[in-house]
Structures are given as structure tokens and as C-alpha cells.
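Q: Here are the chains, one letter per residue:
2 protein chains.
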Amino acid sequence: MKRIAIDMDEVIADAQYRFSEWYERDFGIKIRKEQLRRQKIEDIINPEHKEAIKEYPRKEGFFKDLEVIEDSTEVIRELSKRFEIFITTAAMEFPFSFGHKLNWLNRHFPFISWKHIVFCGDKSIINADYLIDDNAYHFERFIGQGILFSAPHNAAINWPVRVNSWQEVKIYFDGK
Amino acid sequence: MKRIAIDMDEVIADAQYRFSEWYERDFGIKIRKEQLRRQKIEDIINPEHKEAIKEYPRKEGFFKDLEVIEDSTEVIRELSKRFEIFITTAAMEFPFSFGHKLNWLNRHFPFISWKHIVFCGDKSIINADYLIDDNAYHFERFIGQGILFSAPHNAAINWPVRVNSWQEVKIYFDGK
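So the sequence lines, in the order shown, correspond to chains A and B.
Here the first sequence stands for residues 1 to 176, where the numbers follow the working numbering.
Here the second sequence stands for residues 1 to 176, where the numbers follow the working numbering.
Okay, chain A solo, but in the shape it has when bound:
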């Protein structure tokens, strides 16, 4: 059975939206969801606020109850019948995220065992056939096929395998 490793933030969990929620809470400025889909949050906000929002992921609660990226639960549930699914997230940078990430996965992806959850940093340590991630730098030393999950921050990145949604992930794996 081939193995798919899947990143969390911006792939199955909507951390960008949390940035916008906290930004509105702290600075009173609302960012529309459609805008977040087209532009990096750093390019939308007042440049003076950049440093403040950079710290958000290090704060308690940032990763709590994030919204689920559209169609990810259904498509991954289907894929899990034909592939070994691992969740591989670079959580080590944000130790406050550990508990929230685990709770979130148990809640939204209960069909994924704790044995298949990996908190890491450098993803070249992952032994899988595919890695779905929004950060192409993880593919540089990855032993399998990197699949770039589109996000505004990676729009300018040139990578041969790119998917724009979980429906496109489904199609990519249809023939596999």
C-alpha cells in the first residue's frame, strides 16, 4: 500500500483564517475570506502590524479549533481506503500547538490513528511516496513525490505537481 503524508496548516487546517480573526480582534480591521484566498496576509495588512501577527502562532490558542479546509475530510477518508495516510506537521516550531493539533485531528479526522500522526521539523525525515504540502522547500530532500497545495504564499513557486483544492487531489490520485 503506498503512503501519502499530508501537512496540516493551509492544507487541511485553515490557519490563515485564524490570522485574520486575531488581526481583526487586535486591530479592528476585517479581512474578507475571498481576499485571503488570493493574497498573502502580509500583503493585505498594514505593514506596521507585520511583526505583531508573526508572533501569533507562538501564542496559546492559535491552533485551537481551526476551520477545516474544504473537502479535505471527505477526500482523505476516501484515500485512506487505498493508501496509508500519515499527517506530518512541522509542529516543533510551536510547542503550544501540540495539544490543539492532536485534539483537532481526533475531532475532524477520527479515522487517522495517533500512530499515523507525526510532529516534526525537517520533513526529509518522512518516508512516504507522496507529500502534500503548501511549502515547496519540504520537497527538496523528500524521497517521494511532492505535491504542492496551492496557497497565496506559494503562487509564484514553480513546482511541477500542484493542486488547487482537495477535489484536485482526488483527481490526481484517481489513476494511482
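Treat the hints as calculated values from the structure; they're not laboratory data.
Do not take every clue at face value.
Identical chains share a label here; the pair holds if one copy fits it or two copies do between them.
Said to hold, decoys possible - Cross-link-like lysine to aspartate or glutamate pairs, in silico, DMTMM-like; alpha carbons within 25 Å at most: (1) Lys30 with Glu70; (2) Lys30 with Glu60; (3) Lys81 with Glu93; (4) Lys115 with Glu55; (5) Lys59 with Glu168; (6) Lys33 with Glu51; (7) Lys33 with Asp14; (8) Lys176 with Glu42; (9) Lys81 with Glu140; (10) Lys81 with Asp122; (11) Lys2 with Asp122; (12) Lys115 with Asp134; (13) Lys115 with Glu51; (14) Lys54 with Glu67; (15) Lys115 with Asp129; (16) Lys176 with Asp14; (17) Lys30 with Glu168; (18) Lys170 with Asp26; (19) Lys115 with Asp14; (20) Lys54 with Glu10.
Because the structure is a prediction, the values reported are computed rather than measured.
Starting from the known structure of chain A, arrange chain B on it as the hints suggest.
A: Only chain B this time, still in chain A's reference frame:
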């Protein structure tokens, strides 16, 4: 540069000794260190206490300030000059352990970056050339060479590559 993945409990961190400390605290019975090196703690204690001590790793504080396994710091520091070192621990089973494990690594192995720390469950996800572990079942689907680190609980296990101490690990890698 070849890569060595290294387990934590009973390989670099002495969790068995913590069991004995808490056992003495709870039941007033002291277990000598030499005894712990020869026998599994389950075979030493009163059988009636088995269920109680099984729960210890799930309790807050169990993984805090564990003793360092002899020579591990020095040997790993030396190995890190010639090999990529990753710490790969099946921490997902004990979410309370996350913070303590990270603090412990930062304190005793400050030369290992957070990017090279992995909390996982099923270690077949680890892409490394070697895995030093006290549980041989992790080697079954591991893609590299498993190196069994001796502990009383694995004394009866038949595995071709076994080391009894960090000095033996050093010797094993001398020619590599």
C-alpha cells in the same frame, strides 16, 4: 551524510528509573538500580501493582527530568559531526510527555536542533539509514538498519544488530 534516528526512552532517557521512583513513592518498596538493569520492572514488583504502574507514563510529570542514559550525550555529540542525527520518539501515545521531552532534549542535547526532533507513533514513517531503538517491532517496516539497544524487556529478542551501551554504539559506527 548518512542519518541516524535515535529513540528516547530506555535509549537516551531512563524512564525505567522513573517507574522505580514512583513505585517507591506509591508503595514504599525500593528497587535497586542494578536490579532494574537486569530485570523488567513488571517482573520485580508485586503483581498486584502492575496495573497501577502501567498508568504512570500517562500521568503529568512522568517524563520530566529523566536521568540521561550513560555516555549517550558524549557519543551522540561525536556522531553528530559525521552523521545527521534525528531524535524519533513514539510520543503520540503520551501527549503529556511533549513539553517535558522537548525541554529535556534542549537541556541535555542542545546541539540537536528542533528541526531534528520527531514525535511519532509508527516509526516506519522514519526515513533514516539507522534506527537505534529498544523496541525491535519498530524495525519490521523500517527502511534502514535497526540497531537494538539492550534493555531487560528485549533480552529475549533475537535481532542481528544489538548494542549494550553507548560505548558499543560508538564502536559500531567507528567503521561507518
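Q: Could you check the structure against the hints above and give me the numbers of any it violates, in ascending order?
A: When the structure is compared with the hints, numbers 5, 8, 16, 17 and 18 turn out to be violated.
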